Structures are given as C-alpha cells and as structure tokens.
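Asker: Chain by chain, the residues:
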Amino acid sequence: EPEVTQTPSHQVTQMGQEVILRCVPISNHLYFYWYRQILGQKVEFLVSFYNNEISEKSEIFDDQFSVERPDGSNFTLKIRSTKLEDSAMYFCASSFNIGRQETQYFGPGTRLLVL
Amino acid sequence: AQSVTQPDIHITVSEGASLELRCNYSYGATPYLFWYVQSPGQGLQLLLKYFSGDTLVQGIKGFEAEFKRSQSSFNLRKPSVHWSDAAEYFCAVGAVYGGSQGNLIFGKGTKLSVKP
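Just so you know, the protein sequences line up as chains B and H, in that order. If you read the first sequence in my numbering, its first letter stands for residue 5, the second for the next number, and so on. If you read the second sequence in my numbering, its first letter stands for residue 197, the second for the next number, and so on.
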C-alpha cells in the first residue's frame with residue numbers, strides 16, 4: 005500500500021539554524037500538507053500546498069517557514085532560523101483531492117529538537 | 197470557533213474488554229469527522245470517517261464510531277480490545293479555514309494502554 009514517507013525521523017539543531025524537513029507524498033496525490041504537534045499539545049495545521057503554491061496557511065506559518073516541491077516527488081518544509089518553540093513533531097500529509105471530506109494520509113513524522 | 201475535545205488523556209483497559217474513546221466537536225455546519233490512530237514510530241493512520249448518512253460508521257481493525265449531532269459527539273468504540281490496539285487515538289474534524297477547505301482540526305489525543 006502506498007504511504008507517505010518523511011526524512012529524517014529525528015533532527016537536532018541549534019537555535020538560529022536552518023532546517024529542512026523532507027516528505028515524499030503518495031505518488032498520485034495532488035494536495036500536500038504540513039502539521040505539527042508540540043509535545044503534549046494538539047496536532048496543528050501549518051500549511052496546504054497545491055499546484056506549486058500555498059493553498060492555505062495558519063497563523064503559525066509565519067515568514068520563518070516556507071514550503072517547496074523541488075521535484076516531482078519531494079515536498080519540503082524549511083524553517084529559516086529555528087527557535088526553541090519550533091521543537092515539535094512535524095507531520096506531512098497528502099490527499100488526492102481537497103475538501104473537508106477528503107482523507108489525508110500522514111507520514112510517520114519528523115521529531116525536531118531545537119537546542 | 198471550530199474545535200475538537202478529547203476529554204481523556206490516557207485510558208487503560210484490559211485485553212478483551214470493551215473500549216469507548218470520547219470525542220466532542222464544536223462546529224457550526226455539518227461536520228466531517230475522522231478518527232486516526234498513531235502507533236509508536238508510525239504515522240497517523242485513518243481508522244474511519246463520517247460524512248453523512250448512517251450515523252454508525254464502521255472502520256478498520258474492528259473499530260466503529262457513532263455520530264450524535266444532539267451531543268456533538270463522535271465516540272470511538274471497540275467491543276473487544278487487543279494488545280495491539282495500544283496506541284494514541286486522535287479525533288479530527290475537517291475544517292473550513294479561511295477561504296478554502298481541507299485542513300484538519302485535531303483533538304489532543306487519547307493514549308490507550310492495554311493490560312494483559
């Protein structure tokens with residue numbers, strides 16, 4: 005069964021450094037998402053992406069964040085200058101279509117720790 | 197504002213016992229509701245979803261959930277829990293966010309432990 009993959013599984017970085025989290029969505033999916041979960045808190049929506057542009061973003065997704073689909077398979081989340089509060093589990097998801105009824109398929113997550 | 201509440205942070209049940217995980221939502225329109233499960237080291241796997249029609253929804257792994265509009269609830273149930281069901285369970289609603297639709301609003305999750 006096709007699945008969403010994410011690399012790395014864990015990332016430790018120093019405050020102020022740039023990190024890039026990578027995701028390979030399911031191959032025939034058209035919509036891509038990033039969510040994050042700070043330890044002990046809810047999974048929160050960050051951004052959705054379609055046709056090489058952002059469809060929607062939350063207030064969390066500020067100028068420090070960017071997303072890109074650099075080739076036909078990868079979908080990346082970049083954090084330009086990491087802060088301590090960026091420490092979280094980051095989930096990538098993809099869906100074939102968009103809409104409240106669409107099923108989003110999630111990857112296993114990247115645990116980011118900012119020191 | 198749209199929100200999802202899972203009142204139980206951690207539940208422990210004995211293997212073979214029945215299970216009910218609670219989920220309440222706050223949403224003005226007809227909700228699109230989901231239950232996901234996350235096993236250690238795994239992604240969020242969809243258990244089941246409700247869009248319309250029959251309010252009792254069957255999912256994978258023997259799970260079911262019942263949508264009760266009057267109670268704004270979408271509780272997850274399983275008649276007999278297996279040790280492999282130990283995981284974290286997330287309830288979510290498909291949100292209307294800004295001008296488009298598609299992102300999910302999640303509850304905080306309920307961690308299920310299973311006693312032998």
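Hints were generated in silico from the structure; no laboratory data involved. There may be inaccurate statements among the hints.
Claimed, not checked - Keeping only pairs whose Cα atoms sit at most 27 Å apart, straight-line, the calculated DSS-like set for lysine-lysine is:
id, chain 1, residue 1, chain 2, residue 2
1, H, Lys245, H, Lys264
2, B, Lys61, B, Lys46
3, H, Lys307, H, Lys257
4, B, Lys82, B, Lys46
5, B, Lys87, H, Lys257
6, B, Lys87, B, Lys46
7, B, Lys87, H, Lys311
8, H, Lys245, H, Lys304
9, B, Lys87, H, Lys304
10, H, Lys245, H, Lys307
11, H, Lys245, B, Lys46
12, H, Lys264, B, Lys46
13, H, Lys307, B, Lys82
14, B, Lys61, H, Lys304
15, B, Lys87, B, Lys61
16, H, Lys264, H, Lys304
17, H, Lys311, H, Lys257
18, H, Lys257, H, Lys245
19, H, Lys264, H, Lys307
20, B, Lys82, H, Lys245
21, H, Lys304, H, Lys257
22, B, Lys61, H, Lys245
23, B, Lys61, B, Lys82
Just so it is clear, the structure is predicted and the values come from calculations on it, not from any experiment.
Asker: Would you mind marking each hint as holding or not holding in the structure?
Answerer: Tested hints:
no. : hint                   : verdict
1   : Lys245/H with Lys264/H : holds (14 Å)
2   : Lys61/B with Lys46/B   : holds (17 Å)
3   : Lys307/H with Lys257/H : holds (17 Å)
4   : Lys82/B with Lys46/B   : holds (21 Å)
5   : Lys87/B with Lys257/H  : violated (40 Å)
6   : Lys87/B with Lys46/B   : holds (19 Å)
7   : Lys87/B with Lys311/H  : violated (40 Å)
8   : Lys245/H with Lys304/H : holds (18 Å)
9   : Lys87/B with Lys304/H  : holds (23 Å)
10  : Lys245/H with Lys307/H : holds (20 Å)
11  : Lys245/H with Lys46/B  : holds (19 Å)
12  : Lys264/H with Lys46/B  : holds (23 Å)
13  : Lys307/H with Lys82/B  : violated (30 Å)
14  : Lys61/B with Lys304/H  : holds (20 Å)
15  : Lys87/B with Lys61/B   : holds (19 Å)
16  : Lys264/H with Lys304/H : holds (20 Å)
17  : Lys311/H with Lys257/H : holds (18 Å)
18  : Lys257/H with Lys245/H : holds (14 Å)
19  : Lys264/H with Lys307/H : holds (23 Å)
20  : Lys82/B with Lys245/H  : violated (31 Å)
21  : Lys304/H with Lys257/H : holds (22 Å)
22  : Lys61/B with Lys245/H  : holds (24 Å)
23  : Lys61/B with Lys82/B   : holds (14 Å)
In terms of the numbered hints stated before, the structure departs from hints 5, 7, 13 and 20, listed from lowest to highest.
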